Amino acid sequence: MTVDLLAKYDPLIAEHAGLLSTGIRDPFGIVMEKVLSPTEAIIKGKHTILLGTYNYMGMTFDADVVAAGRQALTDYGAGTTGSRVLNGTYQTHAACEDALKDFYGMSHAMVFSTGYQANLGMVSTLAGKGDFIILDADSHASIYDGCKMSNADIVRFRHNDVADLEKRLKRLPPEAGKLVVLEGVYSMLGDVAPLPELVAVAKAHGAMVLVDEAHGMGFFGEHGRGVYEEQGVADQVDFVVGTFSKSVGTVGGFCVSNHPKFEILRLVCRPYTFTASLPPAVVASAATSIRKLMTAHDKRARLWEATRRLHGGLRARGFKLATETPESAIVSVLMPDQETTALMWSTLIELGVYVNMSRPPATPAGVFLLRCSICALHSDEQIDIVLGKFEQAAQMAQLALHEHA
Amino acid sequence: MTDRATVYARIIELIEPLNLKKVALTEATTFAGDMEMDSLTVMDLVASMEDEWDIMIPLNMLPDLETIGQVADAVAGLVAKKG
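Chains A and B supply the protein sequences, listed in that same order.
According to the numbering used here, the first sequence holds residues 1149 to 1553 in order.
According to the numbering used here, the second sequence holds residues 10 to 92 in order.
Check before you lean on any hint, since a few could be wrong.
[To be verified] Each computed DSSO-like pair below joins lysine-lysine, with the alpha-carbon atoms no more than 30 Å apart:
| hint | chain 1 | residue 1 | chain 2 | residue 2 |
| --- | --- | --- | --- | --- |
| 1 | B | 91 | A | 1296 |
| 2 | A | 1315 | B | 90 |
| 3 | B | 91 | A | 1468 |
| 4 | B | 30 | A | 1351 |
| 5 | B | 90 | A | 1296 |
| 6 | A | 1156 | B | 30 |
| 7 | A | 1194 | A | 1182 |
| 8 | B | 91 | A | 1277 |
| 9 | A | 1277 | A | 1318 |
| 10 | A | 1318 | B | 91 |
| 11 | A | 1318 | B | 30 |
| 12 | A | 1351 | B | 91 |
| 13 | A | 1156 | B | 31 |
| 14 | A | 1409 | A | 1249 |
| 15 | A | 1277 | B | 90 |
Hints listed in this document are in silico derivations from the structure and should not be mistaken for laboratory results.
None of these values were measured; they are calculated from a predicted model.
Based on the provided sequences and hints, a complete structural model is requested.
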């Protein structure tokens, strides 16, 4: 007799089927038939405003970024068919790492094939047997998976809680190696970490610090390096991890650092070594985008303007939001339960607005969210249309709105 | 000196307010199966045990701790190791 290995997913299969039996569209099965711009697509034949893409700086269709990718595709071919440490490092990959070094003002940069692999690789390789990884409870799945893959002992502290981090660090043996893992922006609620306080506590207890700036790159800090730059702790952070699949507008992950021994990681970091490198077109696009983001001051200003407009507009209409003020370019609407969230999400997509539906276990504290991420290219008109649709959808989904003083 | 019996008794006290299904708490009671505790409740419980004895229970240890008895063994061990 063969045991069906998929039987363990029966409860989830039933839950998902139950959700769809109410007649709503599958929140996890959207197909973009045409992508018109960073802010618009055709979904099921309908013109849709995209408000859940993490395409913060709208670089996906930037003419220079597209041209660089096209040129590299012509010059270097469709793919490398190889690991970064064998035949998979082309001039384009080296140029992309140079762009990162310039962008971050750091001496080393390592490009991974995805952001997930960057966290997986860095966390699991930095901390080994006998070391400790201390991570925020709301950390991204890639950080948790990196912890699992390492042989280190894993300690979790309460989300953004400086006192709890300190309490936990105090219990660790002073002589042990320690890696504190933080994120600049936490992607579910869109809240920002108090990095100066957290980093100071980590350093006081002899820990090295890694900050994931996936959702902060491009528009936090003078050079767009992230929350750690904006909050003035650049000289205290040992490793910065990031991604090309958000502000940069393509795909890939990276780590930058000033650590003098950084280069050895290329030989010992398995998610870097044992996978094929990114296609030349992707890294060429990324390098061009990164260099343009260095000076994208107008776009940054515009992104914050559009974010404030959405956050303020939703609040004024009585939606409950995850943060009192807009802390990042993620605006999360708190929802009461799975049913209402799914209905509201489905109504919005029928009305031509795409946002992310987020639910446990991806979300912290068991909350249900409709998560919006804003793009610098969203016009005021688009934001106003979205606000109107949200109001309309709330009525149709019978979502209770709250009056604001 | 904190012996295992004392540790076990205190763990039961810490679990009681989180035992929403009011299942009987014994050495063999499981957290996920019998008590249906979600991961957040488990995190709170772990934190309260850590504070109680000023110990550190690493996250990677949790998958092996399915029953109250196993947790009592582990905590008693960590307390003893602390000296």
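Hint-by-hint comparison with the structure:
Between residue 91 of chain B and residue 1296 of chain A, the direct Cα distance comes to roughly 25 Å. Compliance with the 30 Å bound is thereby established for this hinted pair. Between residue 1315 of chain A and residue 90 of chain B the alpha-carbon distance is near 19 Å, which keeps this suggested pair within the 30 Å criterion. Straight-line distance between C-alpha atoms of residue 91 of chain B and residue 1468 of chain A comes to about 46 Å, which puts the hinted pair past the 30 Å bound. Pair hint residue 30 of chain B plus residue 1351 of chain A does not hold up; C-alpha atoms about 43 Å apart against a cutoff of 30 Å.
Among the hinted pairs, residue 90 of chain B with residue 1296 of chain A is consistent with the structure: their alpha-carbon atoms are about 24 Å apart, no more than 30 Å. At most 30 Å may separate the alpha-carbon atoms for a hinted pair to count; residue 1156 of chain A and residue 30 of chain B meet this at roughly 24 Å. Restraint check for residue 1194 of chain A and residue 1182 of chain A: satisfied, since their Cα atoms lie roughly 10 Å apart, inside the 30 Å limit. With a C-alpha separation of about 20 Å, the suggested pair residue 91 of chain B and residue 1277 of chain A falls inside the 30 Å cut-off, and the hint holds.
For the proposed pair residue 1277 of chain A and residue 1318 of chain A, the alpha carbon gap of about 20 Å is at most 30 Å, so the pair holds. Note on residue 1318 of chain A and residue 91 of chain B: the hinted pairing holds, with a Cα-Cα distance of about 14 Å set against a maximum of 30 Å. For the hint linking residue 1318 of chain A to residue 30 of chain B, the alpha-carbon distance of about 35 Å lies beyond 30 Å, and the restraint is violated. Restraint check for residue 1351 of chain A and residue 91 of chain B: satisfied, since their Cα atoms lie roughly 24 Å apart, inside the 30 Å limit.
The straight-line distance between the Cα atoms of residue 1156 of chain A and residue 31 of chain B is roughly 27 Å, inside the 30 Å bound, and the hint therefore holds. For the hint linking residue 1409 of chain A to residue 1249 of chain A, the alpha-carbon distance of about 16 Å falls within 30 Å, and the restraint holds. Annotation: proposed proximity of residue 1277 of chain A to residue 90 of chain B holds, straight-line Cα distance about 19 Å (limit 30 Å).
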